[in-house]
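**Student:** What follows is each chain in one-letter form.
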Amino acid sequence: MTLDDILLKVDKPARYVGGELNSHFKENAEVNFVFSYPDTYEMGMSHLGGKIIYHLLNSREDTFCQRAYAPWVDMEELMRKHNIPLFTLENKMPVKNADIWGFTLQYELSYTNILNMLSLAGVTIKSAERKEDEPLIVAGGPCANHAEMLADFVDCFLLGDGEESLMELIDVYKAWKASGKSRSELLEMLSQNEGFYVPSLYEHKVVDGKLTITPLKNAPKQVKRRVVVDFENTFCPTKLIVPTVEVVHDRIMLEIFRGCTRGCRFCQAGFLYRPIRERSVEKLKQIARESADSTGYDEISLTSLSSGDYSNLNQLISTLNCEFNEERMDISLPSLRIDSFNPDFVSTQMRKSSLTFAPEAGSQRMRNIINKNVSEEDLLKTVRGAYSAGYRAIKLYFMIGLPFETMEDIKGIADLARKCTEIYQEVFGNKKNMRITVSTSVFIPKPFTPFQWINQDSEESVKEKQRYLSDLIRQMRGVEYKYHDSTASKLEVACARGGREMCAVLYSAWKNGAKLDAWHEHFDIEAWQKAFAEHGLSMEEYASRVIDVDETLPWDTVDVGVTKEYYKRELAKAQREETTRDCRQGCTGCGMMNVCKKEVKS
Amino acid sequence: MRVLLRFEKGNEVKYISHLDMQRLFQRALRRAKLPCAYSQGFNPHLLISFAAALPVGVCSDAEFVEFQLTKFIHPLEVMKRLNEVMPKGVKILNAIEPEESFPNVGSVIALAEYAFTTKNGDDYSKALKDILAQEEITIEKKAKKGFALVNVRPMIHRLTQNGEVIKATLSCSNSENLRADKMAEILSCNGISVASIKRTSILICIDGFIKEPLGVNK
Ligand code: SF4
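So the sequences go chain by chain: E and F.
Just so we're aligned, residue 85 is where the first sequence starts under my numbering, counting upward by one.
Just so we're aligned, residue 19 is where the second sequence starts under my numbering, counting upward by one.
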């Protein structure tokens, strides 16, 4: 069996062979890096960060960055059957031969894929047992800040923005290679760089349920998250790789700023990417132009955590519209801001379907608790605007199971939906073709948010709330209620907040067959439940645990910049139903003043 | 103006599906900054059409695509500009501006010729003769509802061997079509294992005359 014979038997073989426009080929690079998004090609190639890393590393002459993704089940089966190890898309090089193998951690439900990929590649799964000549396993991305569950498998985490730290990683690696030192010495060398967290250099001890962390061999007490201060001029690829298979986000993702100032208390990204750093309109126009010329995409999405907040949005849109005037370029905002909706900014793509808004909570009280600073008036005004612009279908996103939530707050969701139906009636004169979809997801308390200490709502309580809401909504014609199954969310809490004891659970879950957990059709809760039981642990306990604010947290080694004091203060304010202003209107003292000042100076 | 291109789908891109190939072309046309014509209406789309979808895994130097430009550019200039922006594996081989009366290639396509490279290069003349001697060769084909059994023997027009390559001329019209991957299955059922497949030409039928839509400029 040749690779060709196998490829003919699998679904969408083009995802395994590379050769895309603007991909790279090199021979005899000094450092062979493999970048992996631990999920399928379609997911991985939709991820902006991965493209930045790929082109950044390949901008160095001494380094060749190749890619490898998680194969779909049909491909994996044939690879295992015919002993084909995981290989790169570019050179079909066995990933095992890489010098450095880097993963991005975007969501916890991709962790089993990492173990599976290591095994498919024939790389030793556990860091401690890895041989001298095996690749150095590194991981970055938002979850890397609290991935104690991967501490046994990843040699080194890179925290925060990668644009600078990845370059340092290559430099340190080369220096180490030249020095002839051992693998463990490499790890020590790495730990001396800001943002490099080597988990094996920290001893975690739990006595009487209390955790103590001890740094070893000169490793710093805390590892600081890296922040690229000069975001305007930092590396931004414009000769972007263009996937040949249709992927989830297949367009130019123009990163207009990094960070967010709103301070929604449930949102981890809002804290992990602080402070806000914008690119200028001039710079963005240049990036957009070059990207369009090199890729041929016909859509530009203005990407960030909250694109409507860009300070010169009108100027940016008109500049881009003018630049691409003759080219049928669709310029869109991926997320709509509730308090300043402008139908002109909606892409033609979206125009065909429906408009989505995310009030997140139904009652004002609840929105204050989560610091989603949107009033009901704002929302209804926006909905009226959308209806007046001719939209007939809208989607409203909420979370349930939020901290301090009552049934009254759930009822608020139904009330909001009902008010939307009334506005529809007013605008259109009848309720024909009205489609309002209410979606709820289950709140997940995340590390590095003010709610990191809070328990997740129990499954029973969530079910009751879903039933209640469903009953209320059923009475309204033209309104539909959709909700997500909450089983996976419990697991997500355990993965996000668990300590090193979760490493064994992850290993067992993978051994029990868990993989592609983010894919509904593959998610196997039983494999996980069995794994927890094997180690005397329970998913429920992780989810329902209220953590004492003074306890040492498994992720306390990581200093993301926002202080623990700030999180505590925000939690207390949430309890008092008090809001915190958007820090564009004045600093609220989160702890990142040093960087914010630098930004102001530049 | 109409532009008709013949292009090559090489080894590097043979796993790209027909649909993804269309997307690839649309982006290439944009990169080449060619003034393409779009349809009218609420949701304008590029006026482009591809002839005879190729199964995944098959190479070809007889792919045809037609599109329209809003102003005149010499077809060979179009070809040059596109070749500058194509990924490895896609190469425009020839370009013409068809006469107004010239039909859309896809609508008049009749036959396609393929080269099946065998794995070991043995002499298969007997096996080929046996295939041609059969009166019926039924295979399962996707139909509107589920599968249907179809006799494809009449769709095999020629089958010869030249060194390690077996050449086949197969029906390729809208009403009668024997796909190359199905032909490979028939060959393998007769003990011939195929290493690779390439479409070498497409023949159209206009007013009863069989001919190539456009040759290759070498
Ligand atoms: S330091 Fe102040 S201005 Fe900067 S991100 Fe924190 S709250 Fe906002």
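The reader is advised that the hints may include incorrect statements.
In silico negatives: residues of chain E with every beta carbon more than 10 Å from chain F [as the list claims (entries may be wrong)]: (1) A98; (2) F319; (3) T328; (4) R412; (5) T521; (6) S622.
Which residues of chain F face chain E? A partial, calculated answer using Cβ under 8 Å [to be verified]: (7) V31; (8) Y33; (9) H36; (10) R48; (11) R49; (12) E102; (13) P105; (14) K106; (15) K109.
In case anyone wonders, no lab produced these hints; they're calculated from the structure.
Since we're looking at a predicted model, the values are computed, not measured.
Ideal placement from N, C-alpha and C gives every residue a C-beta, glycine not left out.
**Student:** Now look at each hint and say whether the structure bears it out.
**Tutor:** Hint check results:
1. A98: violated (4 Å)
2. F319: holds (23 Å)
3. T328: violated (5 Å)
4. R412: violated (7 Å)
5. T521: holds (23 Å)
6. S622: holds (45 Å)
7. V31: holds (7 Å)
8. Y33: Holds, about 4 Å.
9. H36: Status violated, d = 11 Å.
10. R48: holds (4 Å)
11. R49: holds (4 Å)
12. E102: violated (12 Å)
13. P105: holds (4 Å)
14. K106: holds (6 Å)
15. K109: With a closest approach of 14 Å, the K109 (chain F) hint is violated.
When held up to the earlier numbered hints, the structure conflicts with 1, 3, 4, 9, 12, 15 and fits the remainder.
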